[in-house]
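Trainee: Chain residues, written in single-letter form:
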Amino acid sequence: MARDVKALADEELMQLVRRGDGDAFAIVYDRHSSAAYSLAYRMMGNRTAAEDVIQEAFLSVWRAGARYDRARGSVRTWVLGIVHNRGIDALRRGKVRDRPRVEEEDAAEGIEDPVRTDVEAARHEEAATVRTALRTLPGEQSQVIELAYFGGFTHTEIAAMIDAPVGTVKGRMRLGLSKLRDQLGRGAVQTA
Amino acid sequence: MSERTGLDHERWSDAAGAWVLGALAPDEAEAYALHLDDCPACRDEVAALGPAAAALPASVAPMAAPPEIRERLLADVRREASLLAAAGAGADRAPRRRRRLPAFGGWRAPAFVAAALLVGLAVGLAVAGGIGGGARTVPVAVEGSAAGAHARLVLADGHATLQADHLPPPPAGRVYQVWVKPHGGPPEPTPALFLPRADGSTTVGVPGDAAHAEAVMVTAEPQGGSAAPTSPPVLTATIS
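Going line by line, the protein sequences match chains A and B.
Our numbering puts the first residue of the first sequence at 1, with every later residue one more than the last.
Our numbering puts the first residue of the second sequence at 1, with every later residue one more than the last.
Please keep in mind that the hints were generated in silico from the structure rather than gathered at the bench.
Where a beta carbon is used, it is the ideal one built from N, C-alpha and C, also for glycine.
All clues stand as given, with none of them false.
Quick list of the computed label-pair ranges, beta carbon to beta carbon: (1) A:R93 to B:H183: 45 to 55 Å; (2) B:P169 to A:V5: 31 to 41 Å; (3) A:R31 to B:P169: 26 to 36 Å; (4) A:D69 to B:G158: 28 to 38 Å.
Chain A stretches covered by chain B per the calculated footprint, using a threshold of three residues with CB under 8 Å from any CB of chain B: (5) 12–22; (6) 31–44; (7) 47–54; (8) 73–82; (9) 146–157; (10) 175–184.
Only part of the chain B face toward chain A is listed, based on derived beta-carbon distances under 7 Å: (11) G17; (12) A18; (13) L21; (14) A23; (15) A25; (16) L56; (17) S59; (18) V60; (19) M63; (20) A64; (21) V77.
Produce the entire structure from the sequences given, and follow the hints as far as they go.
Mentor: Here it is in structure tokens:
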């Protein structure tokens, strides 16, 4: 390879991807596939469905690279947003909602990447900060946030599940996210 | 804010949290997206809450994506890239569409693929048949507890993939870790940790520049991997 594309920033790689550069796409994939797969596995609860989700999502990244707008966030946030939307679509199609969740399945694939680089070390620190921040939320707020984000449930479904008014559920979501934002701000977490 | 927007805002005033979490039903999401175009107050709230939702994936336990996904995906991408290159810039990507879904939490991935691309892909499979050619298979020496295994290292397109059959699981509490040994240097750790499937088969992508290394090795290491090998290699592919 004549160019050292591996040295490019994500945003520069996306400019190449939108011009049809498969090598640039491969580097984007290598940088973000673990986070994408982890999110998909958390949502889907099994390997096969998670694989389907990230394969669809990364094909969208490849085919819709021109839609990436750096003004709206990092490439990582954009990629994970696509994964999340694909995951929600899959969950709402009802194909996987009844499948066993992660905790119930053989977690042989759930091997954590070791810390090897400064970037990975920073991400481990970020993960710890986000987990801590989530734990500080009142249970009723973290519950609706997790049911919505990872479970793919709508606010009306969640209201029925926990036997609370829809307005209460939406209020808990707003309040919980607002507290989470404040906690993360104090923890200096960078997500975009 | 217009009177119409003001009335609309009352309807949507508490929806920003549900929106950034992806918790609105599809018809509500469509309507809220239109509302956002006209309502700076809701746009501000979405912008304020969005980063908190975008941070949620970081709370998930990290896992390595199975290497076979990468192989499948890049094979598709390289075929399409060659078709795009052959067709020229005019045959490029699908057109931009109006934003419908959360700015944070992501852009809704398009549910379409350019028809011309798909038609071209079928033709291009033959055209692009040579891409990825020149694969080289390196035999793998098996030792110790893996003596009954059969393994090979496949080098293609600048990437190395380790394939094995009848590989026994590592000792309890350990995982297999892949190492790349540069010429004249000690083995360098990679983040490739794996367990074989129940039937002893496995396919593992080897990170880094294995094609120009002296050897690729596999050892059994504690969970999370090691910075230096703590056990003798069970698989060794001598590349050059």
